[in-house]
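A.B. asks: Build out the structure end to end from the sequences listed, making use of the hints.
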Amino acid sequence: MSFQYVVQQILNALAWGSMLGLMAVGYTLLYGVLGLVNFAQGEIFMVGAFSAYLAMALGNAPFWVGLFAAVGGAVIAGVILERVAFRPVRKAGGITLFITSLAVSIAIKNLYIMGLTNKIRPFKTPAFLRTVHDWHGLLIYNNTIAIVAVTLVITVALLLFINRTKTGIAMRAVAYDRETAELMGVNTNRVIVIAFIIASALAAIAGVFWGVRFGSVQPTMGYVPVISAFIAAVLGGVGNIAGAMVGGFIIGIGETLFVAFLPSELIGLRPVFVWAVLFVLLLFKPSGLFPANIKPS
Amino acid sequence: MPSSEVTLRLRDVHAGYGKMEVLFGIDLLVGDGEIVALVGSNGAGKTTTLRTIVGQVKARAGTVEFLGEDISREPPYALTRKGIAMSPEGRAVLGNLSVFENLRLGAYTVKDSVRFKKELERVYALFPRLKERERQSGGSLSGGEQQMLAVGRALMSSPRLLLLDEPSLGIAPNLARTIFATFQEIREEGSSILIVEQNVSLSLRASDRAYVMERGHIPLEGESQALLENPHVKAAYLGVA
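The listed protein sequences correspond, in order, to chains A and B. First residue of the first sequence? That's 151 in the working numbering, and the numbers climb one at a time after it. First residue of the second sequence? That's 913 in the working numbering, and the numbers climb one at a time after it.
The set of hints was computed from the structure by calculation and includes no laboratory data. Glycine included, C-beta positions come from ideal geometry on N, C-alpha and C. Mixed in with the good hints there might be a few duds.
[To be verified] These stretches of chain A come out as covered by chain B in the derived footprint (C-beta under 8 angstroms, 3 or more residues):
hint, stretch
1, 318-328
2, 335-342
[Said to hold, decoys possible] Listed next, the in silico DMTMM-like pairs over lysine to aspartate or glutamate satisfying Cα-Cα at most 20 angstroms (straight line):
hint, chain 1, residue 1, chain 2, residue 2
3, A, Lys316, B, Glu1033
4, B, Lys994, B, Glu1101
5, B, Lys1146, B, Glu1135
6, B, Lys970, B, Glu986
7, B, Lys1043, B, Glu1097
8, B, Lys1030, B, Glu1133
9, B, Lys970, A, Glu329
10, B, Lys994, B, Glu917
11, A, Lys316, A, Asp327
12, B, Lys994, A, Asp284
13, B, Lys970, B, Asp939
14, A, Lys241, B, Glu1031
15, A, Lys316, B, Glu1031
16, A, Lys316, A, Glu329
17, A, Lys316, B, Asp1024
18, A, Lys316, B, Glu1046
19, B, Lys994, B, Glu1031
C.D. replies: If you want it as structure tokens, here you go:
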């Protein structure tokens, strides 16, 4: 197995790592501000991808309009879910919130299957994103470059938002101690809605990346990144945005290399990797690799 | 006292947690520019009184009035805008935020950046230690510094009413005196103060009037100077017979 092969695998994994990172940031934000492990993030990701697909396939819209449709559709879905599904059970605690997210996940997925069937749909991608460069024998896709670049820009913007703005400070304060944040005049409901908006927008962008990268979308696509992204968030230290992003890349690259080194008849063992990471993590470093941003209990 | 001079008035307030009744009809008043102490031993209901004022606990009966307006049904986050700020029990510094960010959050409701800078300078002048520690995380401060930060943070919204829950708890006596020494200055800048304290001697010396709380009732109230000489207060709280 040559060095070049490994580098090529890592390059291929960067897009997947970006998607996991964006999803992981969503987990980490929602867990931070309301203690929700939101397994419905996978469906928000799917809703985003399908909003883009529907705009482009049915509405014949250009790609950039599809991207806006993805973010818009996912954000609307996220805000509605916050209001009708999660807010009413918020006081019941983390387990109830988590189970609610499972119910929401199943409901949305099946609504889409009922409406659109579970057929695989081709995702239209602009030609420039399909171009491949040959660089000293390494194949580099334009979509890899675009996905990684957009992900980095989003990460920097998010870090500036969370560290430099008053709303960002309020968000970290709510994650640490909701009651004290409220005493300062912070409206917790508003902060939670903002967290849902950000998490949903990020999932939608990841969903569009998926369509661009793999060329198709499907109502059941949400289950693929959900566990890996969750583990990436735990790996990154809960509430830590940069950590979640790094966690996404570690898991994404790790998964890809794991599969790359497996004999082809064992490729079905792919999920073993993330569960093994979670197992080792819980055993030796349950708080994650980077500092968590919630109150130590 | 005419109502225009009343900052805070509690009328027959009952409150509690679940089936447990903690406050059995509290009447309390803080006049404009007054420093009032609410003293008593652990478990008397002092913190619950403050939590009821800021809406963290809802009054079951009676009313809480601030500047003549009934605020009993307001959510806690709405009160900062009206002019109430609190330094909560156990300091409750946000350990994941820097000292500066804690103060920034204290001015969450302040939209005007010029006013924010003025408030920040005022708090730094009051507690120079905070300025030295500006970039440090709140969690890395000593107990006394965290208390300064909690008080300073509450001042950032330039409140009409400042509520302080146990500002002397768990900190060195000289730091407690430093903090109590700032109260006169805070009052002169336009805030009325309600201090909740177990340290009866310190808070009676720093206040104009005081209420003594015992098991959810207020059996005794009056001028702080007079209470210092009161035989019951002396025997029960000041350790002199």
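A.B. asks: It remains to establish, for every hint, whether it holds in the given structure.
C.D. replies: Against the structure, the hints:
no. : hint                  : verdict
1   : 318-328               : holds (count 7)
2   : 335-342               : holds (count 4)
3   : A:Lys316 / B:Glu1033  : holds (19 angstroms)
4   : B:Lys994 / B:Glu1101  : holds (17 angstroms)
5   : B:Lys1146 / B:Glu1135 : holds (14 angstroms)
6   : B:Lys970 / B:Glu986   : holds (9 angstroms)
7   : B:Lys1043 / B:Glu1097 : holds (18 angstroms)
8   : B:Lys1030 / B:Glu1133 : violated (37 angstroms)
9   : B:Lys970 / A:Glu329   : holds (14 angstroms)
10  : B:Lys994 / B:Glu917   : holds (16 angstroms)
11  : A:Lys316 / A:Asp327   : holds (16 angstroms)
12  : B:Lys994 / A:Asp284   : violated (64 angstroms)
13  : B:Lys970 / B:Asp939   : holds (16 angstroms)
14  : A:Lys241 / B:Glu1031  : violated (36 angstroms)
15  : A:Lys316 / B:Glu1031  : holds (16 angstroms)
16  : A:Lys316 / A:Glu329   : holds (17 angstroms)
17  : A:Lys316 / B:Asp1024  : holds (13 angstroms)
18  : A:Lys316 / B:Glu1046  : holds (17 angstroms)
19  : B:Lys994 / B:Glu1031  : holds (17 angstroms)
In this structure, the hints that do not hold are numbers 8, 12 and 14, in rising order.
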